[in-house]
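Enquirer: Residue numbers (full-length UniProt numbering), protein chains in the order written: chain A, 1 to 328; chain B, 1 to 328; chain C, 1 to 328; chain D, 1 to 328.
None of the hints are false.
Which copy is meant is left open, because identical chains are indistinguishable; a pair holds if it fits in one copy or across any two.
Distance condition first, Cα-Cα at most 30 angstroms in a straight line; then the derived DSS-like pairs of lysine-lysine:
1. K35 with K317
2. K317 with K307
3. K317 with K7
4. K214 with K54
5. K307 with K7
6. K54 with K218
7. K218 with K88
I should point out that these hints are in silico values taken from the structure, not numbers from a laboratory.
Protein chains: 4
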Amino acid sequence: MASKIKKIGVITSGGDAPGMNAAIRAVVRTCAYLKVECVGIYRGYEGMIDGDFKAMDARSVNNIINKGGTILKSARCAEFRTKEGRQKAYDNLKAAGIDAFVVIGGDGSFNGALIFNKEFDIPIIGIPGTIDNDIFGTSSTVGFDTALNTVVEVIDKIRDTASSHNRLFFVEVMGRDVGHIALNAGVGAGAEEILIPEENLGLERLLESLKRSKASGKSSSIVVVAEGDKTGRNVFELKEYVEEHLPIYDVRVSVLGHLQRGGPPSCFDRVLASRMGVRAVEALLEGKTNLMVGIQDNNIILTPISKAIKGHTKIDKELIRVSEIMTT
Amino acid sequence: MASKIKKIGVITSGGDAPGMNAAIRAVVRTCAYLKVECVGIYRGYEGMIDGDFKAMDARSVNNIINKGGTILKSARCAEFRTKEGRQKAYDNLKAAGIDAFVVIGGDGSFNGALIFNKEFDIPIIGIPGTIDNDIFGTSSTVGFDTALNTVVEVIDKIRDTASSHNRLFFVEVMGRDVGHIALNAGVGAGAEEILIPEENLGLERLLESLKRSKASGKSSSIVVVAEGDKTGRNVFELKEYVEEHLPIYDVRVSVLGHLQRGGPPSCFDRVLASRMGVRAVEALLEGKTNLMVGIQDNNIILTPISKAIKGHTKIDKELIRVSEIMTT
Amino acid sequence: MASKIKKIGVITSGGDAPGMNAAIRAVVRTCAYLKVECVGIYRGYEGMIDGDFKAMDARSVNNIINKGGTILKSARCAEFRTKEGRQKAYDNLKAAGIDAFVVIGGDGSFNGALIFNKEFDIPIIGIPGTIDNDIFGTSSTVGFDTALNTVVEVIDKIRDTASSHNRLFFVEVMGRDVGHIALNAGVGAGAEEILIPEENLGLERLLESLKRSKASGKSSSIVVVAEGDKTGRNVFELKEYVEEHLPIYDVRVSVLGHLQRGGPPSCFDRVLASRMGVRAVEALLEGKTNLMVGIQDNNIILTPISKAIKGHTKIDKELIRVSEIMTT
Amino acid sequence: MASKIKKIGVITSGGDAPGMNAAIRAVVRTCAYLKVECVGIYRGYEGMIDGDFKAMDARSVNNIINKGGTILKSARCAEFRTKEGRQKAYDNLKAAGIDAFVVIGGDGSFNGALIFNKEFDIPIIGIPGTIDNDIFGTSSTVGFDTALNTVVEVIDKIRDTASSHNRLFFVEVMGRDVGHIALNAGVGAGAEEILIPEENLGLERLLESLKRSKASGKSSSIVVVAEGDKTGRNVFELKEYVEEHLPIYDVRVSVLGHLQRGGPPSCFDRVLASRMGVRAVEALLEGKTNLMVGIQDNNIILTPISKAIKGHTKIDKELIRVSEIMTT
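Just chain A, same shape as in the assembly (with noise of 0.2 angstroms):
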């Protein structure tokens, strides 16, 4: 490939996820094996505005694959809000002789990048890491299965004593404003019920059906609660609300927080991870720009970008129907 393109930076940036020092390896190796330079730049748009940069070769990432967080660190960053703040960074980039970069991150990170490249026209490519699985234009995000395996593997263990004593439980787990990390650990995990915010059950349904679930015999019950859920309450309110309206429960909460962002990537996420680092490179070295690599049936895509922050992927109905059936 004769591309202009000599040496390409990779950044993380807004919230981590596992998976994502994976993809910093996949960009620095596939740098390396296609002769590319590759800088790693630090702290997100704060280390570019700030000229953090280290020339990363293919031992730099070594040992990193199975690790959680990102070597590179990660911050929002408010002055690359502005004007001023993109023209820093835009220098400290042209005076590194950094000709493109990839970026790592959602969709904040994303929108960054688009405002980024209409001013200064320096090619960048996304790869979306985030637990969240809010992104469109792929099946899967960087970390949303291992953020997946934490909750449910934190689930079972609340069930050995949520079981042990007969209590009800509230599980929030995190999504932002979707439900794609409820719906599939609460079927995961076996929740009597999932509030997610693209579905208002309603609170007399969720009395309906903890009383369906006593009445069938079942000692426990786990609730899994989206942060972003639209009922109105918190877990600490829906406590109070349950133990009001429905006093047959023993209810306690738990708010799993940012355990879920943590932990080594499962190998979904390290295989993910490493496949569209690869091809980010490649695209940038094709003389591409201001897309995303995604995953779709099992093929690396790639997707605009400004498709891609507009939209979210769906959920799924079918699973809703699923969890339905399940907890009969």
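Following the hints, put chains B, C and D in place on chain A, whose structure we already have.
Expert: Chains B, C and D alone, transformed into the frame defined by chain A:
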């Protein structure tokens, strides 16, 4: 649905795989939901021949979604390969009023079911349960994803000691005559080389690759070897070969063996098994037979079992390429 | 042994802990081995009052050694605190021919057993089952070691995201009014500061410590807080306090909650529970009562329950010192 | 403390064990805390002979407490067994100004250190780091507890498949010539029989035991075999023997191998290693030498290395008895 089918059997057969219990649970609960009776058939076809049956309701499958193995037990059964054996099995099903059954297993189990259907005209639907992912008509079999995570976690541990001692490890993984586990887990574990039946690199190339790896400054190396690899040497012989021809390495061997079959299923396998179990029961009630439930592009589809057992999901050529780039 | 005791009950009471099932199994199998009948009492003292009993033989406890929770269930029971409740319980035991029982639980459960023994003269032996390690007469309670591993694994995950974002996390762990979990898991997780009820550092010192940590070049910080900590502020208030007085940090909070009670027990807890279960049954057959089985210097010993519930295992002053040195 | 010792080396030697990094971290941070310089010696005695040293400060050991293996690497070194090799090593230490060192390893490494001390009068303190727990003077070596958890988790997985197929598994575990891993992990995993070097049951008794187990209604059996077992047969030969003499079983074999050495250390091992690292540095500064740090009854104590390497912690006879009762 006004189906003639009033009582459905469920059976696990052949090698066990994580997620089989989730599939059993889904079959049982879907029957309960659709008001069809459900009967568990124990110990595979052996139990069918012995009439080892037990009625199952929604509560029979409480708290099994996260358990490895199969509560119905499994077995390989020589007698079912005889006409007499199958006649006994049929008589038992008849006596118990079982109109149809769902068989969870691999190609051998499916083949038995096909023959049985041809002889006795009893409807059957298959759910692919095997860690090997060697069935056509589904991008993933139940158990495959869990086995990948298990292998990758174990190799992470082996790498700890490998890199502390600058050693080379040959790690043999399962997969019968296909390389899906080896290729995916090899990429996920960051293996320096992956030997699979589908690609015979030859031993010379292996030596070249190991030399290059050492020269590049890597301190340790993991070579993942599929049990069905065609180099003509098992891992112990590979060790001897490399020690003789490339004495720069301190070589060790690890045969992972049956630990790859056990453990709590991953979230993906639990969800997959749940979806497949629902579809399997519905297909029977729709009057279908001799089909296997599969997943393709995140949709649950049906494939004739006769096709499913003839072919394999193809090894992913692009992933082989990714694996080569990653070992830079 | 020619003991008058022919039938032994086994009961789990109070909060559940990993390893309780291993203790149940040990009690049941030791009874079988010594040819004494064994009866499981369900749902703690509530089940004793309701006569919720089931005969158990060696096979009743197959495949439970690795399961969290308690197959006998547990409950806190107000009625057992009344004379009438205890009379009912005693009548049930009498009617079932139960001569003595082993109670697996914490200080509340032991106290109940002592009162019961005083009133009805039925021999009882206690096995300390609680994650909190707050019982005198044993260096470790069943469940403590598992909870430490669970906490440390979760904080490892939180650190992935903390260090990717240069954040400070306050992590609240269980332990009621003692700091054993916080101190041990804090040292094990490499926490920068550990707040326990036994040592009130004061908030000023916390700020100093965090300032020093930042100055020393650490990129992230974990502060482990025992739920019984005496600073007078919970983790949410600590977050606010630090944000106000030390705005150099981006602060997050995580309350681990009930996930700490579940999961497969560690090898240590399984072995400990097995040894304790054997000794508990033997002690009853030797005519002993009102004693608790404990471990000290790797020997299984007996302590009067009256002593066990009065005191606590002291917090390890040397370990506090180690924790300070480690945060250098 | 006004010690003559101004610079302390730290070295890991022999087989690696989980928790070695936690011990390194503790040595380094204690030096920093006490304002003594600290130097990492790489690749065991080989690196000492090669002068492979690196200055370490408190930040050099960030985020390693939870990593398996050893960041200092390890090796077995023939040259250090020669006078010439040791002279080179001493010259390097001298040139680097290293006054004393802490050696983390097993009996071979300790023996080397003793000889070295005798010849060159340089103070040395040992920290027992080995999964085998085969050192006198400490109830637990660093890495033992983690290895037990690893083995038990793996056997849990093997039991999933064993009990699905009613199989008998011989599982070989590490431990060199002692049976601590086999006995403890065997009890923890609920093994039906445990073969250790300290007790030769004889093959007849094994058959009796397996017959009894089958007759008692158990569906599967796990026999844990220490690698140093004295029955005169390895697990493959045991399989053949049982298949010939007790054809009621379908027998499989699993050699766990090096996966037992890796993985994140347990909380216990992290805390133990931290406490030992602190005491090791303090002992050197107090002018002590030729001692090993150990734990006894939860206190950190010092034992002459000459004693530590002569004996073993005795196998726990009471635990053997417990294991027999548990297989009822």
